[in-house]
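Visitor: Protein chains in written order, with the working numbering: chain W, 3 to 120; chain C, 3 to 120.
Do not rely on the hints blindly, as some may be mistaken.
Repeated chains share a single entry, so a pair holds when one copy, or any two copies, can fit it.
To be verified - Within a straight-line C-alpha distance of at most 27 Å, the following computed DSSO-like cross-link-like pairs (lysine-lysine) qualify:
#1 K77 <-> K6
#2 K6 <-> K112
#3 K77 <-> K104
#4 K120 <-> K6
#5 K98 <-> K83
#6 K98 <-> K6
#7 K104 <-> K83
#8 K50 <-> K77
#9 K48 <-> K77
#10 K6 <-> K50
#11 K80 <-> K10
#12 K98 <-> K77
#13 K10 <-> K77
#14 K80 <-> K6
#15 K83 <-> K6
#16 K48 <-> K83
#17 K50 <-> K98
Worth flagging that the hints you see were computed from the coordinates, not collected in a lab.
Quick caveat: nothing in here was measured; it's all calculated off a predicted structure.
Protein chains: 2
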Amino acid sequence: MNVKGFAKRFDEVDAMPLEGGGFIRWLITHRDGAPTFSMRLINVPKGKSTPAHSHDYEHEIFIIEGEGTATIGNKNFKISKDFFLFIPGENYHTIKAETDMKMICIVPIKAAIDILGK
Amino acid sequence: MNVKGFAKRFDEVDAMPLEGGGFIRWLITHRDGAPTFSMRLINVPKGKSTPAHSHDYEHEIFIIEGEGTATIGNKNFKISKDFFLFIPGENYHTIKAETDMKMICIVPIKAAIDILGK
Numbered sequence: 003m004n005v006k007g008f009a010k011r012f013d014e015v016d017a018m019p020l021e022g023g024g025f026i027r028w029l030i031t032h033r034d035g036a037p038t039f040s041m042r043l044i045n046v047p048k049g050k051s052t053p054a055h056s057h058d059y060e061h062e063i064f065i066i067e068g069e070g071t072a073t074i075g076n077k078n079f080k081i082s083k084d085f086f087l088f089i090p091g092e093n094y095h096t097i098k099a100e101t102d103m104k105m106i107c108i109v110p111i112k113a114a115i116d117i118l119g120k
Numbered sequence: 003m004n005v006k007g008f009a010k011r012f013d014e015v016d017a018m019p020l021e022g023g024g025f026i027r028w029l030i031t032h033r034d035g036a037p038t039f040s041m042r043l044i045n046v047p048k049g050k051s052t053p054a055h056s057h058d059y060e061h062e063i064f065i066i067e068g069e070g071t072a073t074i075g076n077k078n079f080k081i082s083k084d085f086f087l088f089i090p091g092e093n094y095h096t097i098k099a100e101t102d103m104k105m106i107c108i109v110p111i112k113a114a115i116d117i118l119g120k
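Please model the complete structure; the sequences and the hints are all you need to start from.
Guide: Structural data, given as structure tokens:
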């Protein structure tokens, strides 16, 4: 692949539905030539949640808008704009939105390949 | 290391000056147990820039606030809130802020270890 740099607006990428009522845009993936990690933008409407699950890879999340409650393992955290979250692999996690939320969520490129395919 | 998940506000992390007039907060690093990539928050005041340089690792950036111009290789991009950037390794790059800017910038964990030390 001839890997090229770029700058785009998030809404140039299609949104896909997520279990729990949110939606996700895969902004940068292996298909762009990203070698190590993948950036996604997730929107969660008020009252909805991100998927409640656990997996072998980590998340790093930054909250851009909104308020909610994050569960990581057996701990709850009140979160809002300007919070960041580290969710290590094998930790159960979910985020419940108390207002409309918008967040960046990064995963290892291996997870992007597993979820999206090559 | 006993790796634990957490949620924190960005201003719980100290800001460090960046060449070009901005400042950086290393939000999540290997010191937290992050195995693959590191999340930083960068603020660039109006008229200042991120470092103008190139290196062997990639950046994935999301613009949270502000407007400016990104240079990637020999291309310029007008960017503002809600833009995302992929800067592959070995590409010269800089972002010049035309208003106060705030952005998330992710790097591979190897870069975090090289820059911060173990």
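Visitor: Take the hints in turn and mark each one as holding or not.
Guide: Tested hints:
no.: 1; hint: K77 <-> K6; verdict: between (41 Å within a copy, 11 Å between copies)
no.: 2; hint: K6 <-> K112; verdict: both (20 Å within a copy, 22 Å between copies)
no.: 3; hint: K77 <-> K104; verdict: within (22 Å within a copy, 29 Å between copies)
no.: 4; hint: K120 <-> K6; verdict: within (18 Å within a copy, 31 Å between copies)
no.: 5; hint: K98 <-> K83; verdict: both (14 Å within a copy, 25 Å between copies)
no.: 6; hint: K98 <-> K6; verdict: between (36 Å within a copy, 20 Å between copies)
no.: 7; hint: K104 <-> K83; verdict: both (9 Å within a copy, 13 Å between copies)
no.: 8; hint: K50 <-> K77; verdict: within (19 Å within a copy, 40 Å between copies)
no.: 9; hint: K48 <-> K77; verdict: within (21 Å within a copy, 39 Å between copies)
no.: 10; hint: K6 <-> K50; verdict: between (36 Å within a copy, 25 Å between copies)
no.: 11; hint: K80 <-> K10; verdict: between (31 Å within a copy, 9 Å between copies)
no.: 12; hint: K98 <-> K77; verdict: within (13 Å within a copy, 40 Å between copies)
no.: 13; hint: K10 <-> K77; verdict: between (36 Å within a copy, 13 Å between copies)
no.: 14; hint: K80 <-> K6; verdict: between (39 Å within a copy, 17 Å between copies)
no.: 15; hint: K83 <-> K6; verdict: between (31 Å within a copy, 22 Å between copies)
no.: 16; hint: K48 <-> K83; verdict: both (14 Å within a copy, 22 Å between copies)
no.: 17; hint: K50 <-> K98; verdict: within (6 Å within a copy, 37 Å between copies)
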